[in-house]
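K.L.:
Take a look at the letters that make up each chain.
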Amino acid sequence: MRAIWIVALTALLAACAGTSSEQAPAGVEDRSPGGAAGAQSGAVGGKGVTGVDLTGGQAGAMSPLKDPSNILSKRSVYYDFDKYDIKDEYKPMIEAHAKYLRAHPEMKVLIQGNTDERGSREYNVALGQRRADGVKNMLKLLGVREDQVEAVSLGEEKPKAQGTTEADYAQNRRSDILYPGEY
Amino acid sequence: MIVGYNRSPSLATRLFMHRTSVCWNRVVRLVTALIVLLVAPLARAQLSIEITGAGANRIPIAIVPLAGEAALPPGISSIVRADLERSGLFRGLEVPPLIPQPTEASNVDYAEWRSRLADALVLGSVAARPDGRFEVRFRLFDVVKQTPLGGVAYTLAKDQVRATAHRIADYVYEKLTGERGVFSTRIAYVVKRGTRYELQIADADGADEETALASFEPIISPTWSPHGRRLAYVSFENKKPVVYVHSLVDGKRRVVANFKGSNSAPAWAPDGSKLAVSLSREGGSQLYLINPDGTGVRRLTNSGAIDTEPVFSPDGQSIYFTSDRGGSPQIYRMPADGGPAQRITFDGNYNVSPRISPDGKSLAYIARNEGKFQVALLDLATRQTQILTDSDRDESPSFAPNGRMILFATVIGGRGVLSAVSVDGRVKQRLTVTAGDVREPAWGPFLK
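From first to last, the protein sequence lines stand for chains A and B. So the first sequence is numbered by the numbering used here: it starts at 1 and just counts up by one. So the second sequence is numbered by the numbering used here: it starts at 1 and just counts up by one.
Everything labelled a hint here was simulated from the structure, so no lab data went into it. We treat Cβ as the ideally placed atom computed from N, Cα and C, and that holds for glycine. Mixed in with the good hints, there may be bad ones.
[Said to hold, decoys possible] With a straight-line Cα cutoff of 27 Å, these simulated DSSO-like cross-link-like pairs (lysine-lysine) come out:
1. B:K260 / B:K274
2. B:K260 / A:K83
3. A:K160 / B:K252
4. B:K175 / B:K361
5. B:K192 / B:K175
6. B:K239 / A:K108
7. A:K160 / B:K372
8. A:K160 / B:K192
9. A:K140 / A:K87
10. A:K74 / B:K239
11. B:K372 / B:K428
12. B:K260 / A:K158
13. B:K252 / B:K192
14. A:K108 / A:K87
15. B:K260 / A:K74
16. A:K91 / B:K372
17. A:K140 / B:K239
18. A:K158 / B:K361
19. B:K372 / B:K175
20. B:K372 / A:K158
21. A:K87 / B:K260
22. A:K91 / A:K74
23. A:K83 / B:K372
24. A:K158 / B:K192
25. B:K175 / A:K140
26. A:K66 / B:K239
27. B:K158 / B:K145
28. B:K428 / A:K91
29. B:K239 / A:K83
30. A:K74 / A:K140
31. B:K260 / A:K160
32. A:K160 / A:K87
33. B:K274 / A:K108
34. A:K74 / A:K158
[Said to hold, decoys possible] Listing some non-contacts, in silico: residues in chain B with all C-beta distances to chain A over 12 Å:
35. G68
36. E85
37. R91
38. K145
39. T155
40. S221
This is chain A alone, in the form it adopts within the complex:
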């Protein structure tokens, strides 16, 4: 089980075009919150030593799904008005969840699609569904099993931002990837 995690996380860190993969030398697992160990191992790496981190068990008490430095903690896809296509910036995040779900075939996720408050409530349920279905379909294309994903819609009924500005509406045009216990 832990081996799968390490493999998945290594692959993720490699895949993730973020700062942590640049700072952390190859082969070092960084599981501490906030990426503090990344700075540490960077210092080690400065001496030309390839470090091996065996403390992962302790730091791993935090689920990669909750670890703010882990892309798996990112769950939301945002959309333009009346649109449902997934912008490129969200694709690495969805790919990371696909990888995680492939590695954890027992795990299931719920995709909740949301819309802003303009227009018909029922039409917005359908629009939110189309957004959630888009994320589900991408996960399936990336090898996640059909029975691991349910896509549902909350329409305009559960707005994250309560205001009526364009910025509020943009917050509410969203799909969220939720793991058990999170909904």
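Go by the hints and put chain B onto chain A.
P.N.:
Just chain B now, kept in the frame of chain A:
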């Protein structure tokens, strides 16, 4: 008298005293997700109605306080007058105290009432019966033609004053306009206060509201069964849209559609034998038929687009629905058992929420014009469209059962309110609750 709806005060307390038909782990989730109103209503949230527009030629009518009506507060004549005035078709005249007080049996001095500018006159009386109940008699007169138009006697208990007054108003309305009154009908709507949602049922004048369902999760799309005994609606108490049918008399709820994905937009067939719903269980939102007990699912559309908001035509032959199969949401019609769909709306790029008038001749829907969402009415024979409102956030239109008014939700001053507009656009009403948003109105059918 006044049959057809059990207004027992214990209705609210019985709403959840039953076993739901869902499996037990769902029941546990239900119990945690819902606040159950087991006690008397907390803060009453009665709708108050404001008339913001009236018909051009209102019939002046004198409704004389019924002799002895003080025994039946709050007074039958004032409720009859308020009902008739709210329709926008009548103007109630002030009647000074008359001595001796006339009754339905009095000789009518037509010239006297004509000099008071009354076109119509209602006289009546209330008498206590030995069994503790009351008898109300009234008679309606055409003052212009100087002729009685008929009258009725009702026997009632003291808690049936409002219902009796609504019956009298219905009688007067029908005699003088030629169409059925809707004062004895009920409306359903959702009130949101903070994080709490309540599905409420009230009389058409907003009085005597009762809560059928209270939840911390949204409730949308209530729709009345043809006989007015049940409501279908969508509840999010399971963290996703699920279609329920709720029996109002005993509070029993049944899950109708809880498939994988979203389950939404219920519409009753006119004979009550089935519902049309929008389901995403096979991907995308598509239309299906389903029996009210959740059996007999049958797919109706296969479009690859959004198909939702189905509604049956009154003859049961067609289903009108919203689809974006043409690139923008528009209203389409298809045979009720499936088949090729025909596009109905063409103006603009956002036309949703179709509702068919009770006579099947016109279509109300929500049209977006320059960013404004407004109630539109399309005459299906002439293809003429009329925008009926000047508000800009209109949703969820619902015809009165006589087809004269359309009730809808809108936003005024940042708050959700209900409004009603006559199909000629002249008569306008606004229904508000204190400290809350009202939305998702559904006007119930005539009581049998």
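K.L.:
Each hint needs a verdict: does it hold in this structure or not?
P.N.:
Hints versus structure:
no.	hint	in the structure
1	B:K260 / B:K274	holds, 20 Å
2	B:K260 / A:K83	holds, 23 Å
3	A:K160 / B:K252	violated, 33 Å
4	B:K175 / B:K361	holds, 24 Å
5	B:K192 / B:K175	violated, 39 Å
6	B:K239 / A:K108	holds, 15 Å
7	A:K160 / B:K372	holds, 23 Å
8	A:K160 / B:K192	holds, 16 Å
9	A:K140 / A:K87	holds, 17 Å
10	A:K74 / B:K239	holds, 21 Å
11	B:K372 / B:K428	holds, 18 Å
12	B:K260 / A:K158	holds, 20 Å
13	B:K252 / B:K192	holds, 22 Å
14	A:K108 / A:K87	holds, 24 Å
15	B:K260 / A:K74	holds, 24 Å
16	A:K91 / B:K372	violated, 35 Å
17	A:K140 / B:K239	holds, 22 Å
18	A:K158 / B:K361	violated, 36 Å
19	B:K372 / B:K175	violated, 39 Å
20	B:K372 / A:K158	holds, 22 Å
21	A:K87 / B:K260	holds, 26 Å
22	A:K91 / A:K74	holds, 11 Å
23	A:K83 / B:K372	holds, 19 Å
24	A:K158 / B:K192	holds, 12 Å
25	B:K175 / A:K140	violated, 65 Å
26	A:K66 / B:K239	holds, 21 Å
27	B:K158 / B:K145	violated, 35 Å
28	B:K428 / A:K91	violated, 50 Å
29	B:K239 / A:K83	holds, 23 Å
30	A:K74 / A:K140	holds, 19 Å
31	B:K260 / A:K160	holds, 24 Å
32	A:K160 / A:K87	holds, 20 Å
33	B:K274 / A:K108	violated, 33 Å
34	A:K74 / A:K158	holds, 19 Å
35	G68	holds, 49 Å
36	E85	holds, 32 Å
37	R91	holds, 37 Å
38	K145	holds, 48 Å
39	T155	holds, 44 Å
40	S221	violated, 6 Å
This entry does not satisfy hints 3, 5, 16, 18, 19, 25, 27, 28, 33 and 40, going by the numbered hints stated previously.
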